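Visitor: Sequence:
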Amino acid sequence: MNRSEKEKNLLLQLLSEMAQGETVDYVVRGMQESLGADAPTVEAVREYLLRQDNTDSLDTQQQALVMDQLLEYAEVNFRTTCDLIRYRHFKSAGLVSSMEEFLALIYPDETSDWREEEST
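Just so we're aligned: the sequence shown equals residues 1 to 120 in the working numbering.
The set of hints was computed from the structure by calculation and includes no laboratory data. Hints are not guaranteed to be accurate.
What the hints assert, rightly or not - Restraint-style ranges between C-beta atoms, simulated for each label pair: (1) Ala104 <-> Thr55: 27 to 33 Å; (2) Met18 <-> Pro108: 30 to 36 Å; (3) Thr55 <-> Ser97: 47 to 53 Å; (4) Leu95 <-> Asp53: 47 to 53 Å; (5) Gly36 <-> Ala93: 47 to 53 Å; (6) Glu7 <-> Glu75: 16 to 22 Å; (7) Glu75 <-> Leu35: 16 to 22 Å; (8) Ala104 <-> Met18: 46 to 52 Å; (9) Arg51 <-> Asp109: 40 to 46 Å; (10) Gln13 <-> Ile85: 24 to 30 Å; (11) Met18 <-> Leu103: 22 to 28 Å; (12) Thr60 <-> Asp109: 34 to 40 Å.
In this text, all values refer to a predicted model and were calculated from it rather than measured experimentally. C-beta: ideal position from N, C-alpha, C; glycine also.
Generate the whole structure from the sequences, applying the supplied hints.
Guide: This is the structure:
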């Protein structure tokens with residue numbers, strides 16, 4: 001393996017670890033909001049996500065909530081990816097010239113709320 005391949009593999013590994021960390025953080029925050037003090041530790045959630053056949057780390061309610069939070073996070077990421085692809089096509093077609101313009105076009109209600117908050 002040459003140097004550029006090693007660097008590429010190292011970068012991919014780093015990005016993968018960062019993505020796993022962000023995902024676990026999102027899941028744990030959602031669980032803390034729902035369960036409060038009964039929320040499992042970060043380590044228990046990570047262990048469950050990496051080895052779902054090991055159900056000892058979380059009870060049934062916690063397992064269901066982990067899956068719900070994980071699906072919600074995937075949904076948010078998928079929606080963001082779709083919007084980025086849509087923005088790229090709108091911009092190349094000359095329909096919008098900025099991300100702000102795109103967001104105002106696609107999400108007019110949310111954008112007007114955001115602009116009102118910004119002006120106060």
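Visitor: Work down the list of hints and note, for each, if the structure agrees.
Guide: Hint by hint, here is what the structure shows:
{"no.": "1", "hint": "Ala104 <-> Thr55: 27 to 33 Å", "verdict": "violated (47 Å)"}
{"no.": "2", "hint": "Met18 <-> Pro108: 30 to 36 Å", "verdict": "holds (33 Å)"}
{"no.": "3", "hint": "Thr55 <-> Ser97: 47 to 53 Å", "verdict": "holds (52 Å)"}
{"no.": "4", "hint": "Leu95 <-> Asp53: 47 to 53 Å", "verdict": "holds (48 Å)"}
{"no.": "5", "hint": "Gly36 <-> Ala93: 47 to 53 Å", "verdict": "holds (48 Å)"}
{"no.": "6", "hint": "Glu7 <-> Glu75: 16 to 22 Å", "verdict": "violated (33 Å)"}
{"no.": "7", "hint": "Glu75 <-> Leu35: 16 to 22 Å", "verdict": "holds (21 Å)"}
{"no.": "8", "hint": "Ala104 <-> Met18: 46 to 52 Å", "verdict": "violated (31 Å)"}
{"no.": "9", "hint": "Arg51 <-> Asp109: 40 to 46 Å", "verdict": "holds (42 Å)"}
{"no.": "10", "hint": "Gln13 <-> Ile85: 24 to 30 Å", "verdict": "holds (26 Å)"}
{"no.": "11", "hint": "Met18 <-> Leu103: 22 to 28 Å", "verdict": "holds (26 Å)"}
{"no.": "12", "hint": "Thr60 <-> Asp109: 34 to 40 Å", "verdict": "holds (38 Å)"}
Hints 1, 6, 8 from the list above are not met by this structure, while the remaining hints are.
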